[in-house]
Amino acid sequence: MPETPETNGALLTVEDLWVRFHTRTRIVEAVRGISFSVGREKVGIVGESGSGKTVTGRSILGLVRPPGVVTAKRMEFDGQDILNAPEKTMRAIRGDRISMVMQDPKFSLNPVMKVGDQIAEAYRVHSGGSARDAKRRALEMLEAVKIRDPERVYGTYPHEVSGGMGQRIMIAMMMSPDPDMIIADEPTSALDVTVQMQVLSILDDLVTERGLGLIFISHDLNLVSSFCDRVIIMYSGQIVETCRARDLNSATHPYTRGLLASLPRVDEPVNELAVLDRQASWETGEGVDAFHE
Amino acid sequence: MNDSGMDGLASSEAPPRIEARRLNVVFGEAEDRVHAVRDASFSVQAGETFGLVGESGSGKSTVLRAIAGLNRDWSGHLLIDGVEQKAERSLGSFKDVQMVFQDPFGSLHPRHTVDRVLAEPIAIHKLSGAEARILSILRDVGLGPEFRFRYPHQLSGGQRQRVAIARTLMLDPRILLLDEPTSALDVSVQAEILNLLKRLKKEHGFTFILVSHDLSVIAHMCDRLAVMNAGRIVEEMSIGQLRAQRFDHPYTRQLLSASLGYDREIARGLVTFD
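From first to last, the protein sequence lines are chains C and U. Using the numbering used here, the first residue of the first sequence is number 1, and each one after it goes up by one. Using the numbering used here, the first residue of the second sequence is number 1, and each one after it goes up by one.
There could be a bad hint or two in this list.
Stated by the list, open to error - Using 16 Å as the maximum straight-line C-alpha spacing, the simulated EDC-like pairs for lysine to aspartate or glutamate come out as follows: (1) K201/U - E160/C; (2) K95/U - E146/U; (3) K202/U - D204/C; (4) K126/U - D172/U; (5) K135/C - D149/C; (6) K198/U - D204/C; (7) K114/C - E160/C; (8) K146/C - D204/C; (9) K198/U - D223/U.
Said to hold, decoys possible - What follows is a list of derived Cβ distance ranges for each label pair: (10) S136/U - A274/C: 25 to 31 Å; (11) R278/C - F149/U: 23 to 29 Å; (12) D32/U - R26/C: 18 to 24 Å.
Source of the hints: derived by calculation from the structure; they are not laboratory data. Note that CB positions come from ideal geometry on N, CA and C, so glycine has one too.
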């Protein structure tokens, strides 16, 4: 590892992050010494199931619980240490400055509370405003995520809204305390393609207008390369490659190349899809750093 | 679509392997009434792979379940090899039409070994030769004999889907109905399963109906496709027409552009069709 890199404009800097899970019989290394930083940009973390992408997102927020153990040389958010921060500090950061959008709104919203009240609650917890302020803010946020009839949607329960609507409500809730960074873990994988695009355009606008940092965790290479500014490719707990999103098609690591080749394409018909020939060296090799410029 | 003279008796040409004429499926009554499939008509020739593409709630899986005989509440006409199917099926008719489901975690009994999963259809249909068949079919789907006595939790998602495919092969069917067979899998595993399905089709001469929300999967696998929206088939075309973008319905265009990745301008212009 070279000397500590400059954090020019980085919101989040992570250096040599390890996440280990201690089980009865062995230690599972979910994340193995990754280093990256994120500025006010859209960074995609791509990988297959089990590559460590979700655990990376969760460890930033201090959400990895025992038997999971998080270690790192450095983990800083906006100049503040978030690796050894006490729970009280983390609570002030979580939701307020960094918030998270999860995959399935069905499991992330409280089923017995009106969605508007949930958004208002998220706002009040972090800003301490009055109930009236919170309601006004919630309605504003529902409008910001392009919900046509905010007053009506405010009074609905989660089971009464569609998946796409639910995810927009989640985004409204996460944006209401005005965070600096959003970690979105497969935020649109449970949605239909056209709804997915609509939700992404909302997220895109919010991130661009407010100048946020976004970590977009996904298994979908196509989506990440077309949506993000920068891509981090994870395999077996390491970063094997990183590049500008628009350059993903000229990626060089055999794993990235293999993943791209295994995708069927409407515009490029093939008889047989390429199958990944996994090499042991991808796992044992050194990972790369993904600091932003 | 040819709606006339397909009796299969007088006609000199072989009837289509599968034909649906004005298929309707309605769930519930009064205010809970959902008209899930509306007047769907299409035909699939023997040996063809036919795709049904659409978003959730478009009725594509419901069409498949009606053909499989899993849903009895349909009206209209369903013909297999020119023979009119009744809502109530005989045991024998299930033998010809088998289905692969989306979720390999949900479609295998968690407490049954692979061996028991594969032996069950043979037992139900009172056939013999389970032993030899299990071994040869496991090989056919790319699983070694060491997988025979494993439980689903000892298998990866891709291996489970191979077992689910093996189960459909046990009865030597002619038609395989594939309901989003790879949408729960990683892309590299998806490629393996799609390759396997293509190979099996070539070797056994199956007729496939593939349901997917992913236009690129449909384009890779199918000869023709129908686009469904809100219970209706809005358009039918060949894969060549899809690739050349020779289609009419704006909904098809929307699905196609969404499958090519995110585009800020296009995403803003998306509309809902009813």
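Right, here's what the structure says about each hint:
no. : hint                        : result
1   : K201/U - E160/C             : 42 Å, violated
2   : K95/U - E146/U              : 27 Å, violated
3   : K202/U - D204/C             : 44 Å, violated
4   : K126/U - D172/U             : 14 Å, holds
5   : K135/C - D149/C             : 15 Å, holds
6   : K198/U - D204/C             : 38 Å, violated
7   : K114/C - E160/C             : 10 Å, holds
8   : K146/C - D204/C             : 13 Å, holds
9   : K198/U - D223/U             : 12 Å, holds
10  : S136/U - A274/C: 25 to 31 Å : 28 Å, holds
11  : R278/C - F149/U: 23 to 29 Å : 26 Å, holds
12  : D32/U - R26/C: 18 to 24 Å   : 52 Å, violated
Hint violations for this structure: numbers 1, 2, 3, 6, 12, all remaining hints satisfied.
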